[in-house]
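Participant: Sequence:
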Amino acid sequence: MSALGNPTIQLPVSSLLSGAVVEHYHRPEKWLWQIVSSMIPIEVRVRAGAVQLAGTLCLPAHGEPRATAILLPGSGHHDRDETIGIHKPFAVIAEHLAAAGIGSLRFDGRGIGRSGGSTDSVDFASKVEDALAARRWLVDERGMAEARLLFIGHSEGGLVGAAAAAEKPTPLAMLAGPAQPIAATLHFIAEAESQAAGASDRQIAHERAMNTAAFALAARPGNPPRQELVELICSHLAAWPDVGDSLTDADRDAAAEAMADTLLAPDFRSLLQQSPADYLRSLTCPVLAMFGERDCQVSADANLSTFRQATAANPRASAIVLPAHNHLFQVAVTGQIDEYETLGAAPSAVALDALTDWVQDVFR
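Just so you know, we're using full-length UniProt numbering here: the sequence shown kicks off at 1 and counts up by one.
Watch out, some of these pointers could steer you wrong.
Unchecked claim - FRET-style restraints, in silico, Cβ to Cβ:
{"id": "1", "residue 1": "E146", "residue 2": "D353", "range": "21 to 31 Å"}
{"id": "2", "residue 1": "Q360", "residue 2": "I42", "range": "36 to 46 Å"}
{"id": "3", "residue 1": "Q195", "residue 2": "T342", "range": "19 to 29 Å"}
{"id": "4", "residue 1": "T212", "residue 2": "V243", "range": "15 to 25 Å"}
{"id": "5", "residue 1": "I42", "residue 2": "D242", "range": "53 to 63 Å"}
{"id": "6", "residue 1": "Q273", "residue 2": "V333", "range": "30 to 40 Å"}
{"id": "7", "residue 1": "I42", "residue 2": "E257", "range": "41 to 51 Å"}
{"id": "8", "residue 1": "D201", "residue 2": "T334", "range": "13 to 23 Å"}
{"id": "9", "residue 1": "E339", "residue 2": "A205", "range": "23 to 33 Å"}
{"id": "10", "residue 1": "V350", "residue 2": "R208", "range": "27 to 37 Å"}
{"id": "11", "residue 1": "R220", "residue 2": "V350", "range": "35 to 45 Å"}
{"id": "12", "residue 1": "A250", "residue 2": "P315", "range": "51 to 61 Å"}
Derived from the structure by calculation, the hints contain no laboratory data. Ideal Cβ placement from N, Cα and C applies to all residues, glycine included.
Model the full assembly from the supplied sequences, consistent with the hints where possible.
Facilitator: As structure tokens, this is what we get:
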């Protein structure tokens with residue numbers, strides 16, 4: 001069974017729509033020297049309402065940047081590099097952009113690293129606020145032209161970028177960003193994990209029914225319906241098929257409480273309330289959607305179809321599916337999360353080049 005459905009109910013918050021991933025990036029010494037010599041990293045502070053965000057402005061070493069990207073990470077709470085262990089996907093992207101003459105700004109999330117604020121109060125709206133604050137800072141404090149700025153968002157960060165661009169038209173690259181309803185993406189993740197764990201068809205169907213009801217209840221406007229949500233989850237767990245007596249009442253109650261905590265956390269609940277297609281339909285700026293064929297978190301086929309429908313009226317919208325790539329844009333075997341550590345570069349050279357080529361084309 002998946003983490004959404006097994007008797008321990010460890011909802012995979014860290015993996016859902018997440019840019020927080022593990023990757024070993026092998027870089028020859030010669031390439032490292034070329035990277036260091038092609039960029040200038042500057043420690044900066046960005047004011048976002050009452051919060052000060054700490055970040056890195058990375059500029060090309062030679063000449064003015066042809067454009068500057070604001071990097072927006074996936075769900076959860078991340079530092080400026082989307083660091084997990086020794087891995088820093090956004091640092092890799094920033095380095096590659098700088099080598100192509102493109103600047104970037106990335107920052108620690110609220111309550112993370114050197115940024116102020118608290119992770120407890122972070123929700124979707126505050127992430128959009130921070131993205132717009134970073135955009136405003138580049139214009140007001142660095143004197144950059146608005147017409148030379150763009151958002152690059154990975155996973156949920158792509159949706160944050162779409163919401164920000166809907167408010168302040170700005171070119172946007174969505175890297176494995178959701179276009180389908182958020183609940184559909186969560187179902188895709190849960191079912192993929194359940195199948196990988198050997199769950200029966202009956203269990204997968206039961207899990208989907210529970211999750212459908214729980215997601216809808218958690219996303220309902222108004223005060224968080226905690227007790228109602230706990231009772232709903234408990235009732236589904238009590239009727240879980242093919243588990244016999246292995247789930248005790250205490251286990252069931254603890255699992256329901258834990259799942260309710262996750263679903264009603266401000267960042268998760270506010271994400272459930274978003275409609276990606278609505279944001280995409282409102283955009284008239286250049287938009288790139290890049291998907292990985294073997295992504296087990298954001299389905300390439302389903303989200304590509306929804307993206308094309310939502311952006312049909314925007315002649316500057318485009319999409320690409322990278323063969324054999326996973327959610328991190330590594331060249332993958334299965335695409336499953338548990339193989340991220342064992343694969344090559346994240347993002348791959350192919351993904352980095354595709355992204356950079358699009359930016360250069362937009363900002364000729």
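Participant: Determine for every hint whether it applies to the structure shown.
Facilitator: These are the hints, each one checked on the structure:
For the pair E146 and D353, the beta carbons lie near 27 Å from each other, so the given range of 21 to 31 Å is met. The supplied range of 36 to 46 Å is broken by Q360 and I42, whose beta-carbon atoms lie about 23 Å from each other. Take Q195 and T342: their Cβ atoms lie about 20 Å apart, and the range 19 to 29 Å holds. Range check, T212 to V243: Cβ separation about 20 Å, and the 15 to 25 Å hint holds.
A beta carbon spacing of about 57 Å between I42 and D242 agrees with the range 53 to 63 Å that was offered as a hint. Taken as a hint, the range 30 to 40 Å holds for the pair Q273 and V333, whose Cβ atoms sit roughly 35 Å apart. Taken as a hint, the range 41 to 51 Å holds for the pair I42 and E257, whose Cβ atoms sit roughly 45 Å apart. Between D201 and T334 the C-beta distance comes to about 20 Å, which sits within the given range of 13 to 23 Å.
E339 and A205 have their C-beta atoms about 27 Å apart, which keeps the hinted 23 to 33 Å range intact. Separation of V350 from R208 is about 34 Å and conforms to the stated range, judged on CB atoms against 27 to 37 Å. As the Cβ distance of R220 to V350 is approximately 42 Å, the hint placing it in 35 to 45 Å holds. The hinted range of 51 to 61 Å is satisfied by A250 and P315, whose Cβ atoms lie roughly 58 Å apart.
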